[in-house]
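Asks: One letter stands for each residue in the lines below.
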Amino acid sequence: MKRRLTIHLLVALAALLATTGVAAQESIAALVAKLGGEDYTVRTPAYQELRTRLGPDLAAELRKRLPEFDPSAQSVGLYLAQSLQEPDRRKTMQAFLAGKPSLLRLGAAAYLLRMGEKGLAKHIVACLESPGPDPAFSLMLGRLLGIDDAEVIDVVRSKLGKDLNVGELSMALRILAQARHEPASAIVAKLLEGEGLDDDRRARCAAFLCVMGDERGKAALVAALPGTKTWSDLYFILDQAKLLDREILDRVLERAGSLEGYELRYAIQLLVKHDHRPAAARMRDWLEGDDSEAVKAALDGLISMGEDIPREKLVALLSSKQEEVSVTAADTLRRLDDHSGLERLIVVAEKGGSAAMSATMALGKFRDRRAVPPLIRLLSSANVSVRQQAFHGLRQLFQALFPYRSFDFDATGYLAAQNDEARRAAIALIEAWWQANAKTD
Amino acid sequence: MPAMNSRFLLLTVLLHASLVLPARTSAQTTESAGRYTSSAAGMGEALDAILLGRRTEGEKAGALFFLVDPTTTLKESGFAREMAAALERAVATMADRQIAVAAVGAPRAVKVFGPDDHGALVARLDELLASPVDEIKNVYKDLRAAAGLLAETSGERELVLVSLDNGDAEDDLEGTVEQLRKLKVRFSCVASEAYLSDSYWASHRNEIPSSKWEIYGGDGAFIELPWGWLFQMTVANEVAPSGTAVYPLSRLAAATEGRVHLYAPPSGTHQCQVYGTCLFCSGDHMPRNEIYWRSKVTDFGPSTASRDEVMAAAAADPAFRAMLRAWEKAYAKGLLRGSPSVAISGNGLAAQRLRNGKDSGLFSGGGFPKKRRTALQLAVDCEAIRAELEETLAGIDQLSSLPRYRAMATFTLVMLRVTKANLLSYAGWCEEIAPAQAAKSAPELLLPEIDTPNRGRRATGIGFSNFCLCHGVAPFRKVELPGGPAFRAEMDLLAQEVESFETRFAHTPYIAALHRSGIADFTFTYPATYVKPPRPLRGSKTAGDGTTPRVPTGRPSGSSGGTSGGTTGK
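Heads up: the sequence lines are chains L and S, in that order. To convert, count from 1 in the first sequence and add 1; that's the working numbering. To convert, count from 1 in the second sequence and add 7; that's the working numbering.
Excised from the complex, chain S in its bound form (with noise of 0.2 Å):
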C-alpha cells in the first residue's frame, strides 16, 4: 500500500510537471509587454505611429477602426485636434484606406469615413468628446462587437482603442483574444501608463460597478507584488508607473502582433512623495534613475501570456515562490495588509481574495514599554523572514527564475529591511520621544527650538507620515532620528542594501517603488478640534457648501499619469 501510494504521488508529480512545465517556458518564452509597448511624447505622436505604421507586405490597405473611449482625460487631451494633424501628416498613407469611428458604449454606432472625409471625421470626434462619459467601462466586449464588424471587411484590419481611462475592467479576456485572432484584427491602442502589479482595486472592490467585470488593475496578470507594508502611507507600487499599460491592453496587442501607445499629458513633473513634503529637498529633486529605459522596462516587464499561463510561470518560479513564502509570512505577522493574491495550489497557483489583515497592536492599547516590546518582538520576526528570503534567493540558480520576479523578490527583501528599521525606530520613539512629549510638564528648551505644540492635549492615538527613500538612505545619516544604535546600524545595512538594488534596478519601475518607501515618522493623533462654521456671507455663493472636496470623478488609482511622469522609452 505504502509503494502503491508512492508510485500513485509520483505519477501525480509527473503529471503535474508535464502540465506546468511546458507552460512555463511557454510564458517566459512569450514577450515582455515592454516588447509590445511605445512611450509616445504626445498625442500626436501615438496617432503618427497608427497612421503612418507598418503595412504588412502585399497586403491590401483594409479599414482602421477607431474605438474612442470619450472621456475628460481623452477630451483635455487634444484628441480631435491631433488627429485632424496626423491625418494631414499621413495624407499619403492614408490615401486608400478608411477610417471607421465608434465610442465605447456604441460600437454599432458606427460611422466610415473616406480619404476626402478627414474633416467630418475630426467633426465626429468632436461631437464625441462633447459630452465625456467618465465611469468604468468594460471595452473587451465592444472590442469583440468592432471586430465582428471589422470582419465584415476585406483587406488588413485593424482595430485601435483610444483609451485613457479604461481597459482594465474585462469580462473575458481571452475570449476577445481569440476572436481577435480567428477575425485576423490587429490590436493596436493609445492607453495611459498602468502602475507596477498595483493593488489598488484588491481593496476597493466595492468600486467595481458590474459583477460581471473583474477588475485587476496592475501591468501583469495578477498582483505579484507584496503590498502594504507596516508604517508606509503609500502602498509604493499603486503610485509606480510601470512603463506599459494594463495587463489586458498589453496581452491582447501581443497575441495580434499590435502595439500600445502609452500617453502621458505633458508637464508632469518629479515629485519624491505622494503625501507631505520630502525632507531631502525643496520639491526640485531629479533622480535620473527613475528615468525608465524601454530596453530595462522590456527586460523586468511583465508577461503578455495568458493569465493561466502567466500563473503557472509563477508557481514554477523559484523565486516567486520564495517570495510568495515571506509574504504570507509577513502577513500573518501583521507586517503587511495585503494579503497574497494567489496561494500554491498542487504545482499551481489558485487565486485568493484579500483578508482582513492582522492588528500589529502598535498604534492603540497599552503603554509605551509594552508597544515597544511588541515592535522589538516584530522585529526579531520581521528579521528572520527576511533572512530566510535572503537565503533562499542566494541559492537560486539566477537563469532558473524570471527576470521580473528576482526584481519584485529582491524588492520585497529591501522592504523587510526598511519596515525592520521602522520597527526598530517606533521602538526608540516609544523610549526617548514619545514619554517625554506625554508628559504634563514642558522640558527647558533654548530657542529657537519649543515645546510642542501639544502639550497637555490628550493623544487619541499613534499616527505616522514617512521620509520617502528618494533620496537613497545615506542622507538619514545626518538626520536626528529614534531608535538607537540598533536602528542606526540597521540603517547602515540598509543603506549598502539600497545602494545595490539601485545600482541593479536602475531605470526600472522597481526604483520608483522603493523611492515611494519611506522610513517612518512617528507622532501623536489627537482628535479634531471643534471650531463653530463662519456665519454664511450675504450673497455668497460658497455659503454652505462646506469645504469637503468633491469625490474626484474616474478611479484614484487611475492609471493617468504617475508620480515620476511618463517614461521616455530611452
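Just chain L, with the same shape it has in the complex (with noise of 0.2 Å):
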C-alpha cells in the first residue's frame, strides 16, 4: 500500500515537472553554444529558449561567446542582445564595442546610435571598411537601416560597385533610398550603364532609381523585371517609391505570376498601394489556391481596392483545410465586421497547432467579450508565442470593454516567458477578475 502510493507520488511528480518543464531545463552555457552551431534547427530552438530567459547571466555568456561565433550566428546574438533588460544590455553593448571591428561591433554602434548616442559612426565606418568574412558585410548593411548620419550613408554609397552580390547591393540601395540620398544616383545610373551586371542587380540599380525619380530608372527596370531570380529585397527597394509607372506595375503583376508565399504577398502588397487594378483579377485567381500568403495578401488587396468579396466565399475560407487560411479568411470577416470566425479560431488556437500562434493573435483583435475566456485558457498553453498573444490580446481587449477602468496586466506578474507556477497565480488574478466583473450584455 505504501509502496503504490509513493509510486502514485513519483507519477504526479513526474508530470508535474513534465508541464513545468523544470526537468528538461538546460543552462544558459550549453544553450549559447548551440547558438553559435551551424545548424539553425538547432539554433532556432536555442534562440527561442533563451528568449525566455533574458537576465544578467545571458549577458555575460554572450559578452563571453558571440565574439567567437561566425557571423550569422553573431546576428542571431546581437537580437537577444538588444532584449536585454538594463544595465545588462548598455554593459553588453559597450562590451561588443570595445572590441575589434566586427557585425558585434557594428552592431553595438549601430544600436547606440539609434538609442540617440553621439559619435558612434567612426566605429561603423571601421568596421565597414573591414567586414570580415561572406555573410558579415550584408549583415552588416542590415543593421544600417533607418540610421541617416551622413557619415554613415557616405560610405554606405562609397561601397556601391559591380562587385557587391545581389543581396549586399539591395541592402546597400535600400539604406540610399530610405535616406533620399541624391548623390547615390549618379553612381547607381553608371552601374547601370555599365557591363558586367545580371538581372538581379540591374533591377535593383533600376529600382533604385525609380525612388529617386530618376527617369532612367524606369527602361531599366522594365527590361530586367522579367529575368530576376529574386524578389523579396527588391519590393523593399521599389516600396520606398512614391509613384510608380504603370508599365512598371504591368511587369510586377507579371513577375508575380511566378512567385509564392511571402514574396507573392509583398508583390500583391505593392500592386494595391499603387491602385493598380489591373491585379485585381489576379488577386481572385490567387484567391482560389492553396497558398495561405497569397490568400491573405489578395483578401486584403481586394478589399483596399473596393472591390467585393461575397461573404459566402469568406464563410467558406473559414473551412479550408488550411488552418492558416482560415485565420485570414477569420481575421477578414473581423475587419468586415463579421464575428462569425470567432468560434473558428478558438478551435484553431486551442488546438495547438502551427497556426495557432496566429489564431491566437487574430483571437486578440476581436473586441467580443466571447474572445476572453479562451485567451484566458491560452495564457496556459505550451507555446510560447501562443502565451505572448494571448496576454497582449487580453491587455487589449480588457482596455476596450472597460474603457472607464485602469488596468496594469504586468502587475499580475505574469509573463510569458515564466515557468507555469509562476504564470498559474497571475493567470488566476486575470480569471477571478473576469469572473467577478463579466456581465453577459
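Because the hints were derived from the structure by calculation, they are not lab data. Please note: incorrect hints may appear among the correct ones.
[What the hints assert, rightly or not] The calculated DSSO-like cross-link candidates involving lysine-lysine, where the alpha carbons are at most 27 Å apart (straight line), are: (1) S:Lys82 - S:Lys148; (2) L:Lys123 - L:Lys65; (3) L:Lys440 - S:Lys485; (4) S:Lys82 - L:Lys274; (5) L:Lys191 - L:Lys230; (6) L:Lys219 - S:Lys148; (7) L:Lys322 - L:Lys274; (8) L:Lys160 - L:Lys101; (9) S:Lys148 - L:Lys243.
[Unchecked claim] Derived CB-CB ranges, DEER-like: (10) L:Gly100 - S:Pro534: 24 to 32 Å; (11) S:Gln405 - L:Ala224: 56 to 64 Å; (12) S:Thr510 - L:Ala224: 47 to 55 Å; (13) S:Ser289 - L:Tyr263: 18 to 26 Å; (14) L:Glu183 - S:Lys191: 43 to 51 Å.
C-beta atoms are modelled at their ideal positions from N, C-alpha and C, and glycine is treated no differently.
Each chain sits in its own coordinate frame; assemble them with the hints.
Replies: Here it is as C-alpha cells:
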C-alpha cells in the first residue's frame, strides 16, 4: 500500500515536472553554445529558449561567447543582446563596441546610435572598411537600415560597385533609398550603364533610380524585371517609391505569377499600394489557391481596392483545411465587422498546431467578450508565442471592454516566458477579475 | 384695410413664389456635381482623360491651356513625369494640337508648345514645380485671364486647371462662369476631393488672406449641414470626403460642359477616427460601405447651379427647412457650436456669419449633481428637437425634397440621437464615475485593475474623447459605459437608427461622416506638469528647437485626401 502510494506520488511529480519543464531545463551556457552552431534547426529552438531567460547570466555569456561565433550566429546573438534588460543591455553593447571591428561592434554602434548616442559613426565606418568573412558585410548593412547619419550614408554610398553581390547591393540601395540620398543616383546610373551586372542587380539599381524619381530607371527596370531570380529585397527598395509607372506595375504583376508565399504577398502589397487595378482579376485567382500568404494578401488587396468579395466566399474559406487560410478568413471577416469566424479561431488556437499563434493573435483583435475565456485559457498554452499573443490580446481586450477602468497587466506578475507555477498565480488573478466583472450584456 | 393687407400679403406671397419656384425647379434639374466628376486612379489616368478625351465632332482642334498651381502636393504627385508619359500615350490625338502652359499667379507668362516640343513642355513643368508656392491662391482671376488668352485662338478651346490645393478661394465665381461661357472655353480640372459641406473656414475666417476673397470650402454652394455637435472631438463633415471637388470647380466644369478629375495620392488607408485609437479594432478595419459609388455620390451630391439658385432651392426644400429649424434650435440650446450659415428670409435664404456658441455649462463650474441635472435637461431638450424633426420629415413627400437634403436631414436626426445618448452618458458619469475618481481614498481593486493614476490630483475641468461609430452601435452593447438603463435604452434606439441609416446611405459621404462621429468618453483634465527642460547637449543640432511641431503649410482642412481614402468611382 505504502509502495503504491510512493509510485503514485512519483508519477504525479514526474507529470508536474514535465508540465513545468523544470526537469528539462538546459544551462544558459549550453544554449548559447548551440546558438553558435551552424544547424539552424538546433539554433532556432536555442534562441527561442534564451528569449525566455533574458537576464544577467545570459548577458555575461553573450559577452563571453559571441565574439567567437561566425557572423550569422553573431547576428542572432545581437537580437538577444538588444532584448536584455538595462543595465545588462548597455553593458553588453559597450563590451561589443570595445572589441575588434566586426559585426558585433557595428551592431552595438548602430543600436546605440539609434538610442541617440553621438560619435558612433566612426565605429561603423571602421567595421564597413574591414567587414570580415561573408556574409558579414551584408549583415552589417542590414543593421544600418533606418540610420540617416551623413557619415554612415556616405560610406555606404562609397561601397557601391559591381563587385557587390545581389544581397549586399540590395541592402546598400535600400539604405540609400530610405535616406533619399541624391548623390547615389549618378553612381547607380553609371553602374547600370556599364556591363557586368546580371538582371537581379540591374533590377535593383533601376528600382533605386525609380524611387529617386530618376527617369533612367524605368526602362531598365521594365527590361530587367522578368529575368530577376529573387524578389523580396527588390520589393523593399520599390516599396519606398511614392509613385511607380504603370508599365513597371504591369511587369510586377507578370512577375508575381511565378512567385509564391511571402514573396507573392510583397508583390500584391506593392500593386495594391499603387492601386494597380489590373491586379484585381489576378488576386481573385490567388484567392482560389492554397497559398495562405497569397490568400491573405489577395483578400486584403481586393478589399483595399474596393472590390467586392462575397461573404459566402469568406465563410467558405473559414473551413479550409489549411488552418492559416481559415485564420485569415476569420480575421478578414472581423475586419468587415463580421464575427462569425470567432469560434473557428478558438478551435485552431486551442488545438495548438502551427497556426495556433496566428489564430491567437487574430483572436486578440476581436473586441468581443466571447474571446476572453479562450484567451485566458491560452495563457497556459505550451507554446510561448501563443502565451505572449494571448496576454497581449487580453490586455487590449480588457481596456476596450472597460474603457473607464485602468489596468496594469504587468502587475499580475505574468510573464509568458516564466515557468508554469509563476504564471498560474497571475492567471488566477486575471481569471478572478473576469469572473467578478464579466456581465453577459 | 385688413382686406387690403391680406391682398397685399397674397400678392407678396405669389410674387415670391413666382421668383422662387422656377429657381428651385432649375436647381433641381441642374445636374449634380457627381455627374461631372471622375475619380482618377492616379495622375496618369487623369491626364489620359484630358489628353485622350472627347473632341466635339467637326470642331477644329484648338489649344489646350494648362494652368498649373505649383504646390508641393502637385510636385510630389510626380506631375511632370506623369505628363511626359501621358503625352507619349497621346501622341496621335495631340498631333495637331498646341499646348499652352502657365502657372497660377502668372497666367500671362504663358509658353506654347507644339506637338514636337513635348520635351520642352515637360522641362517647363519641372521648372515651375522646382520652387513650389504653398499659399492660398484665388485661381479664378487667373482663369479669367487665361480664358482671355485662349479666346485669341481658333478651334476648340479647353482650359485645364491643375491644382491640388486651391480652388476654394474665390473672388467672382459667376463672373468667371459668364466669361468662360461667353468665350466658349471648356473648363476642366485636376483637383483634390473636397469635404462634405466643409465648415472649417466658417470658424477660421481670420486665416483667409484677402478680404476680397471668400472661402466656403466644401463640396456645396454653402454650409448646408449642422456642424460642431456637443461632445464630438472631430467635426465629422470636415473630415468626410465628399466624392466631388470644391463647389466652385464643379460649378465651372458643369457650366462649361467640362470635367473634374479627382486626384488622391496613393496609399490612403482607412482610419476609423481622426484622434485617438479605435475601441473596436487595431487600425485594420475595412468598412466596405465607406467605399463611395459614383452613382450614389451623384444622387446625393451637391448641385452645380449658381449659388443663388442653390440657396433658393434649399429655401424651398421642406427637408432642408426642417433641418434648418432644428439646427437653429439645437444651436440655441448649446447642442451645437456651429450656428446656421443661412437663415430663412422671406421665401429665400440669407447668408449669416458664425455666431458665438452658447456655453452648455457642462464643462466648468458647479458640482456633479448640478452638471447631471443640466445634462438631463439638455437631453430632454435634445429629444424635443429630434422628435419634432422626425415628425416633420415623416410628413414630407419624398419627391418634394432633394436627395441631398433628405440625407442631411436624416444625418441630423441621427446626430441628435447620438448627442442625446452622450448627454445621458455624461449624466451617468457625473453620478457613477466622477465622484469616485475625485474622492481622496482609492477603492479596493482586484488586479489587473488598478486605481486611476490621477488620484489626489486636483482636476481643472472635464474633457472628453470619442469612441467612433465606424463599427456601428452594436459593439457598444458589450462595453461598460456610464449612464445606466436610460443610456442603454437610448443606445438601442440609436442602433436601430444607425442600421437604417447605413442601409439607406451606404457608399455615400454621409456614412463617412457618421463613422467619424462618436460616443463620448469623459475624463477629468489636469494642469500640465512642469518638466525641467533637458540640458542642451553639446553639439546637438536640435538643442533649443523644442518639441513644438512646425505649423504645416497649407490648410489643415485642405482637400488633399481624407481619412477614408479616395473614392473608387464604382
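Asks: Next step is simple, just say for each hint if it's right about the structure.
Replies: Checked hints:
Under the criterion of a C-alpha separation no larger than 27 Å, the hint pairing Lys82 (chain S) with Lys148 (chain S) is consistent with the structure, at around 23 Å. Taking the CA atoms of Lys123 (chain L) and Lys65 (chain L), the gap is about 24 Å. The hint holds against a cut of 27 Å. In summary, the hint linking Lys440 (chain L) to Lys485 (chain S) is supported, as the alpha carbons are separated by about 9 Å, within the 27 Å threshold. The hinted pair formed by Lys82 (chain S) and Lys274 (chain L) meets the criterion: a straight-line CA distance of about 19 Å does not exceed 27 Å.
Restraint check for Lys191 (chain L) and Lys230 (chain L): the C-alpha separation of about 23 Å stays at or below 27 Å, so the hint holds. Simply put, Lys219 (chain L) and Lys148 (chain S) have alpha-carbon atoms about 39 Å apart, too far for the 27 Å limit, and the pair is violated. Proposed proximity of Lys322 (chain L) and Lys274 (chain L) is contradicted: the alpha carbons are some 30 Å apart, above 27 Å. For a cut-off of 27 Å, the pair hint linking Lys160 (chain L) to Lys101 (chain L) stands: about 21 Å separates their Cα positions.
Annotation: proposed proximity of Lys148 (chain S) to Lys243 (chain L) is violated, straight-line Cα distance about 33 Å (limit 27 Å). Our hint of 24 to 32 Å for Gly100 (chain L) and Pro534 (chain S) is violated, since their Cβ atoms are close to 50 Å apart. The hint said 56 to 64 Å for the Cβ distance between Gln405 (chain S) and Ala224 (chain L), and at roughly 60 Å that hint holds. Evaluation of the 47 to 55 Å hint for Thr510 (chain S) and Ala224 (chain L) yields a pass: the beta carbon distance comes to about 51 Å.
In this structure, Ser289 (chain S) and Tyr263 (chain L) meet the distance hint of 18 to 26 Å, their C-beta atoms being roughly 21 Å apart. The hint said 43 to 51 Å for the Cβ distance between Glu183 (chain L) and Lys191 (chain S), and at roughly 46 Å that hint holds.
Checked against the numbered hints listed earlier, the structure breaks hints 6, 7, 9 and 10; every other hint is satisfied.
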